[in-house]
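If you want the building blocks of each chain, they are given just below.
2 protein chains.
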Amino acid sequence: MAKTKKPKVKIVFLGGVDGIGMNCTAFEYANDIIIVDCGVAFPEDDMLGVDLVIPDFSYLENNAEKVRALLITHGHEDHIGAVPFFLQKFPNIPVFATRLTLGIIDGKISEHGIRNARLHEVHAGDVLNLGVFQTEFINVNHSMPDACAICIQTPCGRILHTGDFKVDYTPVGERPIDLARIAELGRKGIRLLLCDSTNAERPGYTPSESSLAVSFDRIFNNETRRIVIATFSSNVHRVQQIINASEKFGRKVAITGRSMQNFFNAAVKLGYLDVPEDIMIDLTDVKKYPPERVTVVTTGSQGEPMSALYRMAFGEHNQLALSSNDLVVLSSSAIPGNEKLITKIINELFKRGTDVITYSNYDVHVSGHACREELKLMQALTQPEFFMPVHGEYKHLIAHAELANEMGVPECNIVIPENGRVVEMSKRSLKPAGNVEAGAVMVDGSGIGEVNGAVLRERKRLSEDGVIIVSAGVDTEYMCISIPPEVATRGFIYEKENEELIGKIAESAHNSLMRNFAKGIDNINVLRTRLRDDIAEYARRRTKHRPMIVVMLNEVRL
Amino acid sequence: MAKTKKPKVKIVFLGGVDGIGMNCTAFEYANDIIIVDCGVAFPEDDMLGVDLVIPDFSYLENNAEKVRALLITHGHEDHIGAVPFFLQKFPNIPVFATRLTLGIIDGKISEHGIRNARLHEVHAGDVLNLGVFQTEFINVNHSMPDACAICIQTPCGRILHTGDFKVDYTPVGERPIDLARIAELGRKGIRLLLCDSTNAERPGYTPSESSLAVSFDRIFNNETRRIVIATFSSNVHRVQQIINASEKFGRKVAITGRSMQNFFNAAVKLGYLDVPEDIMIDLTDVKKYPPERVTVVTTGSQGEPMSALYRMAFGEHNQLALSSNDLVVLSSSAIPGNEKLITKIINELFKRGTDVITYSNYDVHVSGHACREELKLMQALTQPEFFMPVHGEYKHLIAHAELANEMGVPECNIVIPENGRVVEMSKRSLKPAGNVEAGAVMVDGSGIGEVNGAVLRERKRLSEDGVIIVSAGVDTEYMCISIPPEVATRGFIYEKENEELIGKIAESAHNSLMRNFAKGIDNINVLRTRLRDDIAEYARRRTKHRPMIVVMLNEVRL
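Protein sequences appear in the order of chains A and B. Numbering-wise, the first sequence is residues 17 to 574 according to our numbering. Numbering-wise, the second sequence is residues 17 to 574 according to our numbering.
Because the hints were derived from the structure by calculation, they are not lab data.
No copy labels: a pair is met if it fits in one copy or bridges any two.
In silico lysine-lysine, DSS-like type, Cα no more than 30 Å apart, as pairs:
| id | residue 1 | residue 2 |
| --- | --- | --- |
| 1 | Lys-360 | Lys-392 |
| 2 | Lys-26 | Lys-392 |
| 3 | Lys-560 | Lys-124 |
| 4 | Lys-476 | Lys-520 |
| 5 | Lys-476 | Lys-560 |
| 6 | Lys-356 | Lys-392 |
| 7 | Lys-367 | Lys-447 |
| 8 | Lys-512 | Lys-105 |
| 9 | Lys-512 | Lys-476 |
| 10 | Lys-367 | Lys-476 |
| 11 | Lys-356 | Lys-367 |
| 12 | Lys-560 | Lys-105 |
| 13 | Lys-476 | Lys-356 |
| 14 | Lys-82 | Lys-105 |
| 15 | Lys-26 | Lys-367 |
| 16 | Lys-443 | Lys-367 |
| 17 | Lys-360 | Lys-26 |
| 18 | Lys-360 | Lys-447 |
| 19 | Lys-105 | Lys-520 |
| 20 | Lys-447 | Lys-204 |
| 21 | Lys-124 | Lys-285 |
| 22 | Lys-367 | Lys-392 |
Since the structure is predicted, the reported quantities are computational estimates derived from the model, not experimental observations.
Modelling step: build the complete structure from the supplied sequences, incorporating the hints.
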């Protein structure tokens, strides 16, 4: 009997595994590829001047004829942010997502000037045939409405990708996660589970979104100050609860912050917010009401320096300044890296006499991700043969892998994914199978991928020590200086207070040229290199800095 | 009866109040000033290229003839880091500190080439007469040995400055805080208390340093891997406990990291560490021992990119690489702002199969600062008439002020200090009384204060968008270009892949000059300005960036 090659599904991680952001996973079998999510990451601290980071689509471009569809689990930036960049390369590929998610994508691609995209609305329960794959969207709970898990039926078995999820039995304005369908699929047999790992280190359960109603009640009750609540603009459920509390306690609601306003408008238009008549007021009208009659919902819960809350705290907001007549509520937790920015705002608010409530002293926030007991529930219902922890820092993936192992998935059936890693799944095994070109593509201004390591290194050095520019003209025939050296600096020292030093740099440039002429050097390239080295050495000796040196040396005949 | 002016003590905050770092407080009466602490702050994220931030000494320089002494509470950088810069301006002022603190200062000023400083060792209980002031050092507990509070007897009453402290009834290698003396001073009457506010938001008590012995026992017991423990190099007590545990479980101890080695050497030399014979080994000898026989003590607990732990995690350490044969313990908490750096190391360690224990999953760290119940004890013992919370973010000062108020200090007797703020204390009142020149002086390379806001703004822009440099020569008499425009860029785009764009910039420079000649412009300054604006506009249009533009335009006659 001839040995035939076993059919295999390839799972290719183009981003999003190690560290939050840039989720993008391709599932491939023979001539078909479907992609789940297409997010951005925010630049690391050392990516100076970089606006966004998107996945490297090279693998998909090299297999463009196989790509059948892009499926989106939910509308957070780390899952949809790179869709416009994807559609620039793959304009004809259909995008499938639920209603609100699609609304957000639509707004986003319009801003990028993309027309005629093939956007298709799906509902939880919908089944799509995409090449060899059959996919099903399954309702889950998360920190924004309309989030889904996606089940992918492949020739090698069933794959369940949870997307970002939590288990909320009493969600706000939506149904609880469809555990029944997940259990049913589990009974039928799930070959591979890919599961959200964000809270894999946190014990217990994530509280229900609706548990916050009690906190808001307590905060609003008898409060005579204006209440200003900052939260994530995509957290439509949270905004709903703030509106509910405001209505109950007789407050009008105003919105500030561009992204908050955009999300609010989209959510109202698409029917995701239940807004009582006449409750909303324009921000410009806030002053017409006594403080105890107004709630302001704002962006800035992460301390973002240009956000509405920041501007209100620092007195830079056109319409609103905060004082002891305001109570600020940060209905959010700190995304790692933002702690200092948030503290800066809190300090400033206290200086103005504004009281501040945060999640560290009050139950004003719940996570959108499943904690350990919920992850165990997911394992118990799905009983997967193979497991891959996704979405989280590496340490979270490890913690999640250990949890799955404790719940019965053998260690040899667990693969920790990495960006660019290909994982092959047959009916018998799940194994790493090499790597593809993948990684962070830095998007900066209007260009994609124009910024690379070399430019970032220059920016880093410019940011620390600045640049010295020296221009001069030489006549290499007569071996003399035809235009005397002129010096400019940027980011180096304060020129006005250091004219003597600038003069000395010009003098040392002059001396460098003369010294080399005296040595018989008449090659302008050699003169240029030596001039640069001499200035660098002079600057280092005088200031202990290492600014970049740019020499503009021209041949100018006398 | 003629009305005489009431005698007043001025308290001048030169730094260190809002946000941690740069502690420096002057106490002034008539012709005498004494200073408590003289620390540095670490640069904020937007202080590009700045190495350190020190207090502005202008006020002291303007009153130089009054300055009697500098007293130091303990040897952390935020209390001693600016001593070398102080002594450069006040070489003859005596510095008083306890033994270990003085040892650290001595090493620090030597590195700055300062000789003949008047360093005086004091012991807890010592009383000094400094002009009109009588001061007494009082033993307290903190996260390094030899920390003191300072009591200052003034003509307007007694002031107690706690310095940084915690209440540790079972400290390691030192006596508990001298509560008896503090209580005695309280009974005699304390007019003003200045008290550490770092943990003013944290309920309960800070656990004793010695409570960690149990944790270390549990970690070391039956552990067969090499144990690598990162902690603050100044935490000599912690290092002592690690050595104790290593001895108990038969491990040798090696030290790595420059500052850890320096502190270890100083602590041994000055008798602050009790090191069993033969337990210490050189790092180069670690490989000669089986993993279960070695402990490595290292720097890097804050994720610092050049630290020994970082280099070990990323395989860049000369002597040691970590693997699954190592267990890393971060015996520390995250200083706000360092969370992402720490996570980066932890992820990398997990990738190498190295297990990591941190304070978030194990009791491996205790704070060096008093929590709320300890702060209440301090209030109860001292019963101050007046109160100023010091050392902490503004939000901590507020929380501490509220605590003091609850404990009986009337609100009108509490002043929240600010940097540069003068507070006047008479026998009857404590009030803000104007401001003096104070604030952050940025130290950069070898220069002090050379970097100002203008230079930082240039660095910020350079770091985001880089710089375009255009040089050219013109003959304004014949109104023509005598040296064609030449373009160089740094930190802008990757030149090698964008030669066409560089060419276009040169072309647009050429066009700008020709266009303006055609308009009859023959003033080189006008040509220069217009050239700069045209290039800026061209770059913005082509790339959506706003690089800095430097034009080097020379008159070169044909």
